[in-house]
Amino acid sequence: MQPLDFTFPSHSGNALATLHRAIEEFQKEHKGILVNTTEFDWLTAWNDLVRVALYKDGAEVSEVGTTWVGGFVGMDALRPYTLSEISRVGGAAAFLSAAWQNSSLIGDDQQWAIPWLSDTRVIFYWRDMVEHTGLDEAGAFQSFEQMDETLGRLQSRGVTTPWAVTTRRTANTLYNISSWVWGAGGDFMSADGKRVLVAEPKSLAGLIEYYRLYRYMPQRSEPMDGFATFELFLKQDVAAMISGPWFLKWLQQRGVPPYTLSRIGVALLPGPSFSGGTGLVIWKHVPYDHSQLATDLVRFLVTSPALLEFYQQTGLLPARRDLLAQLQFNTDPHYQKIIEALETGRTHTRIPLWGLVEDRLVTTLASLWNEVRADPAQDIATLIERTMVPLAQRLDATLAGRR
Amino acid sequence: MHPLDFTFPFHDEEASPILRQFLEEFGRERRDMQINATEVSWDNMWGDLVRIALYKDGAEVSEVGSTWVGSFVGMDALRPYTLPEIARVGGAAAFIPSVWQNGSLIGDNTMWAIPWLSGPRVIFYWRDMFEHAGLDEATAFQSFEQMEETLARLQAHGFSTPWAVTTRRTANTVYNISSWVWGAGGDFISADGKRALVAEPEVRAGLAHYFRLYRYMPQRSEPLDGIATFELFQNQTVAAILSGPWFLGWLRRRGMPPYTLSRIGVALLPGPSFIGGTNLVIWKHVAVDHEKMATELVRQLVTSPALLDFYHLAGLLPARRDLLARPPFSTDPHYQKIIEALLAGRPHSRVTMWGFVEDRLATLLAQIWSEVRADPTQDIAALIESYMAPLAQRLDATLAGRR
Numbered sequence: 001m002q003p004l005d006f007t008f009p010s011h012s013g014n015a016l017a018t019l020h021r022a023i024e025e026f027q028k029e030h031k032g033i034l035v036n037t038t039e040f041d042w043l044t045a046w047n048d049l050v051r052v053a054l055y056k057d058g059a060e061v062s063e064v065g066t067t068w069v070g071g072f073v074g075m076d077a078l079r080p081y082t083l084s085e086i087s088r089v090g091g092a093a094a095f096l097s098a099a100w101q102n103s104s105l106i107g108d109d110q111q112w113a114i115p116w117l118s119d120t121r122v123i124f125y126w127r128d129m130v131e132h133t134g135l136d137e138a139g140a141f142q143s144f145e146q147m148d149e150t151l152g153r154l155q156s157r158g159v160t161t162p163w164a165v166t167t168r169r170t171a172n173t174l175y176n177i178s179s180w181v182w183g184a185g186g187d188f189m190s191a192d193g194k195r196v197l198v199a200e201p202k203s204l205a206g207l208i209e210y211y212r213l214y215r216y217m218p219q220r221s222e223p224m225d226g227f228a229t230f231e232l233f234l235k236q237d238v239a240a241m242i243s244g245p246w247f248l249k250w251l252q253q254r255g256v257p258p259y260t261l262s263r264i265g266v267a268l269l270p271g272p273s274f275s276g277g278t279g280l281v282i283w284k285h286v287p288y289d290h291s292q293l294a295t296d297l298v299r300f301l302v303t304s305p306a307l308l309e310f311y312q313q314t315g316l317l318p319a320r321r322d323l324l325a326q327l328q329f330n331t332d333p334h335y336q337k338i339i340e341a342l343e344t345g346r347t348h349t350r351i352p353l354w355g356l357v358e359d360r361l362v363t364t365l366a367s368l369w370n371e372v373r374a375d376p377a378q379d380i381a382t383l384i385e386r387t388m389v390p391l392a393q394r395l396d397a398t399l400a401g402r403r
Numbered sequence: 404m405h406p407l408d409f410t411f412p413f414h415d416e417e418a419s420p421i422l423r424q425f426l427e428e429f430g431r432e433r434r435d436m437q438i439n440a441t442e443v444s445w446d447n448m449w450g451d452l453v454r455i456a457l458y459k460d461g462a463e464v465s466e467v468g469s470t471w472v473g474s475f476v477g478m479d480a481l482r483p484y485t486l487p488e489i490a491r492v493g494g495a496a497a498f499i500p501s502v503w504q505n506g507s508l509i510g511d512n513t514m515w516a517i518p519w520l521s522g523p524r525v526i527f528y529w530r531d532m533f534e535h536a537g538l539d540e541a542t543a544f545q546s547f548e549q550m551e552e553t554l555a556r557l558q559a560h561g562f563s564t565p566w567a568v569t570t571r572r573t574a575n576t577v578y579n580i581s582s583w584v585w586g587a588g589g590d591f592i593s594a595d596g597k598r599a600l601v602a603e604p605e606v607r608a609g610l611a612h613y614f615r616l617y618r619y620m621p622q623r624s625e626p627l628d629g630i631a632t633f634e635l636f637q638n639q640t641v642a643a644i645l646s647g648p649w650f651l652g653w654l655r656r657r658g659m660p661p662y663t664l665s666r667i668g669v670a671l672l673p674g675p676s677f678i679g680g681t682n683l684v685i686w687k688h689v690a691v692d693h694e695k696m697a698t699e700l701v702r703q704l705v706t707s708p709a710l711l712d713f714y715h716l717a718g719l720l721p722a723r724r725d726l727l728a729r730p731p732f733s734t735d736p737h738y739q740k741i742i743e744a745l746l747a748g749r750p751h752s753r754v755t756m757w758g759f760v761e762d763r764l765a766t767l768l769a770q771i772w773s774e775v776r777a778d779p780t781q782d783i784a785a786l787i788e789s790y791m792a793p794l795a796q797r798l799d800a801t802l803a804g805r806r
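Here the protein sequences line up with chains A and B, keeping their order.
Just so we're aligned, residue 1 is where the first sequence starts under the numbering used here, counting upward by one.
Just so we're aligned, residue 404 is where the second sequence starts under the numbering used here, counting upward by one.
One chain only, chain A, in its complex shape (with noise of 0.2 angstroms):
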């Protein structure tokens, strides 16, 4: 038989050794089958994916971002699991219920992926510098006011810039302000994923709450990237910052020790969190004598208990709910506020044409981010309503009659 093509995105190198250790263990147990693994950077992932699509080659399993899924549906690329193969995984009660919808689209029962990896958005603060405000932890970043008087006092004792979030232009911008527009009341979209929301009176309002965070922020005339945040928090020049369960794994390769490390907090952010990760797909083009093999693979790595090494090393969590009770996951008091994050998590909307807003949306987050650092002074509110209206009307002509 010819091997059967798994791709998936870059990962540690600690993790990808672990990986390669756990295929090799399933192809033992599935004698005379061989797996071929491909790894794609994460930064043309996406490319080299619509290749599999478009040329009906290069991969039959794949590890994709939870967000593309609905672009490889449009595509007519992949293959549906059926009712048996998700029973065998244990169906939807096995898995957290932000990560399971993830792999399915809204109005269609099929389930075009399984979830795998999970990630969501938290805050992460330096626990001296909230109890030096004398502000309660656990309440300190509850909601848009409660953060706005922690970030007003730990200005006024002294941390000049006490938040930072990225600036440039990444999809992690939407994904944090998520929970902004979200806990505003607001949306994206529409339930039925045919209306934009960007430009409704909620939404706007998240938006604007977490832009006007930019005076917590350090003044930049450059866009700040992901990392820059991360070494702003570790060299204390921030007390805040919005990341995910990675920054864990950041710190330690940094060399941070337990004891510092028990001085970071995590609180969930004001809203709910948006919750990604990575799912298993499998393609259409499987050919016929594949596709047990393929769901076999499929149940393994999203089953196999020899693979928590793999999810502590990458930094992201299992989407399982037995695999999450379970070792460091349950006892860390930093993972159990990220598990809270991502069972009280949601999804964007799951519409084919999802990738379609996300990238516009993150087209224009980042040109207000240019905006706002270019002019802080100016009234953010005209600022964000001047630039989501026009959005909105051209999403809405775009997405009319179509999903």
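These are calculated hints, taken from the structure and not from any lab test.
C-beta atoms are modelled at their ideal positions from N, C-alpha and C, and glycine is treated no differently.
Misleading hints may appear alongside valid ones.
[Claimed, not checked] Straight-line Cα separation of at most 27 angstroms, DSSO-like style, residue types lysine-lysine; simulated pairs:
| no. | chain 1 | residue 1 | chain 2 | residue 2 |
| --- | --- | --- | --- | --- |
| 1 | A | K284 | B | K597 |
| 2 | B | K687 | A | K194 |
| 3 | B | K695 | A | K56 |
| 4 | A | K56 | B | K687 |
| 5 | A | K56 | B | K740 |
| 6 | A | K284 | B | K740 |
| 7 | A | K194 | B | K459 |
[Unchecked claim] Chain B residues, not near chain A, derived (Cβ > 10 angstroms throughout):
| no. | residue |
| --- | --- |
| 8 | S419 |
| 9 | L426 |
| 10 | G450 |
| 11 | K459 |
| 12 | D460 |
| 13 | A490 |
| 14 | P500 |
| 15 | S624 |
| 16 | F633 |
| 17 | W649 |
| 18 | R656 |
| 19 | L664 |
| 20 | T734 |
| 21 | D762 |
| 22 | T801 |
[As the list claims (entries may be wrong)] Computed footprint of chain A on chain B; a stretch qualifies when at least three of its residues, placed anywhere within it, have a C-beta under 8 angstroms from a C-beta of chain A:
| no. | region |
| --- | --- |
| 23 | 470 to 478 |
| 24 | 747 to 760 |
Chain A is fixed; fit chain B onto it per the hints.
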């Protein structure tokens, strides 16, 4: 009326403003029409264009790589040019034949793209080194045998590494090596695009000639990229390299004085050169009330003499004969030889699956380079055969029944 969306890849810091000014003037002359021009980096270009094709939004006219047209036709994303529109740009007779072919696919009379910029590959060499070695410039690279003799003679005269080509993973290796494959009487796929020929004896012979030249190249453990070859040439560590007209632009930007430039010779490759470049496409989703303006924009871009400086600074040649007959193309001796290569060159198989074949070839040729670099003394012919036979089988399986 809404602005017309036009996307193009980044060309050059000096060339892009000329194009932007041209587009502004085009808009000014048509008072009711603005051009919304977006410049995209070459690294992101493929992914961005795929998004346009997939989401049917984002650009109505685009400048695209000539070898990408087949893929977009395969995605049913392009609007063909009508016969009157083709006539208005002058039809086939107004263009260099090899370049004109890039606008259509084999077995399909439809013109999907209008050729705009073109760039054949040639050999650049230091004339002084050739004179020192007593070589006849006119015939030094005329055949595989003469090339071999030239490089060996240069080596014997103290130029220990007379030759350099890129050895990293890049489509440029496919484009470069094509001349060797065609020169040996081979081709990558059959004329109808249904059968892979990469394991045929003529193809393997051409590939072997190309890789065997490694003994004349700098021996490095790391892959060599295109810019590194430019630098090796500029500092006269190598006597000859393979590149296109953009190399002259690179040398000018590096401040090379006219006299030194005049000491650089240009020679044709031993076989026909691959003719690539860029084409102008109109996307199928172009608004009905924009169609006429989109075709007019294409006509102006392709035919206007106002862009002669743009071509020169971008380091590419116009695809039209009348523009090539004007200075600097008609007067500069380097350009004269490059135009000769353009006239004698050819495109790759114009089938929708060419992108797939090119992608696989680029990966495999880079792997062969890695092996050759690791052990330059091994049997190159056997190495090539060990790679090409399985590739041919794999390509055949995918191409079967597809175009």
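Do the hints match the structure? See the list:
Taken as a hint, the K284(A) and K597(B) pair is honoured in the structure, with Cα atoms around 22 angstroms apart against an allowance of 27 angstroms. With a CA separation close to 22 angstroms, the supplied pair K687(B) and K194(A) stays within the 27 angstroms bound. A distance of roughly 35 angstroms separates the Cα atoms of K695(B) and K56(A); the hinted pair therefore is violated under the 27 angstroms criterion. With a C-alpha separation of about 23 angstroms, the suggested pair K56(A) and K687(B) falls inside the 27 angstroms cut-off, and the hint holds.
Only pairs whose Cα atoms come within 27 angstroms are accepted, and K56(A) paired with K740(B) is rejected, the gap being roughly 41 angstroms. For the given pair, K284(A) sits about 49 angstroms from K740(B) by alpha-carbon distance, which is inconsistent with the 27 angstroms threshold. For the hint linking K194(A) to K459(B), the alpha-carbon distance of about 16 angstroms falls within 27 angstroms, and the restraint holds. The claim that S419(B) is not at the interface with chain A holds, since no C-beta of that chain comes within 10 angstroms of its own (minimum 19 angstroms).
Annotated as non-interface, L426(B) keeps its C-beta farther than 10 angstroms from every C-beta of chain A; the closest such distance is 20 angstroms. With a cut of 10 angstroms on Cβ distances, G450(B) falls inside the contact zone with chain A, its closest approach being about 4 angstroms. For K459(B), the shortest C-beta to C-beta distance to chain A comes to about 8 angstroms, within the 10 angstroms cut-off, and the non-interface label is violated. For D460(B), the requirement that its beta carbon stay farther than 10 angstroms from each beta carbon of chain A is not met, with the minimum near 5 angstroms.
With a least CB separation of 33 angstroms from chain A, A490(B) remains clear of the 10 angstroms interface cut-off, as annotated. Distance to chain A confirms P500(B) as a non-interface residue, since its nearest Cβ pair spans about 29 angstroms, more than 10 angstroms. With 10 angstroms as the threshold on Cβ separation, the claim that S624(B) sits away from chain A holds: the shortest Cβ distance comes to roughly 20 angstroms. The claim that F633(B) lies off the interface holds: its Cβ sits roughly 24 angstroms from the closest Cβ of chain A, which is beyond the 10 angstroms cut-off.
For W649(B), the condition that its CB be more than 10 angstroms from all CB atoms of chain A holds, with the nearest at approximately 23 angstroms. No beta-carbon of chain A is positioned within 10 angstroms of the beta-carbon of R656(B); the least distance is around 25 angstroms. Listed as a non-interface residue, L664(B) keeps its Cβ farther than 10 angstroms from every Cβ of chain A; the least gap is roughly 36 angstroms. Consistency note on T734(B): stated as away from chain A, and its beta-carbon is indeed over 10 angstroms from all of that chain's, at 41 angstroms minimum.
Listed as outside the interface, D762(B) is inconsistent with that label: its C-beta sits roughly 6 angstroms from the nearest C-beta of chain A, within the 10 angstroms cut-off. Residue-level check failed: T801(B) sits 5 angstroms from the nearest beta carbon of chain A, not beyond 10 angstroms. Look at the region 470 to 478 of chain B against chain A: 3 of its residues bring a Cβ nearer than 8 angstroms to a Cβ of that chain, three or more, so the hint holds. For the region 747 to 760 of chain B, the stated coverage by chain A holds: 3 residues have a C-beta nearer than 8 angstroms to a C-beta of that chain, and at least 3 were required.
When held up to the earlier numbered hints, the structure conflicts with 3, 5, 6, 10, 11, 12, 21, 22 and fits the remainder.
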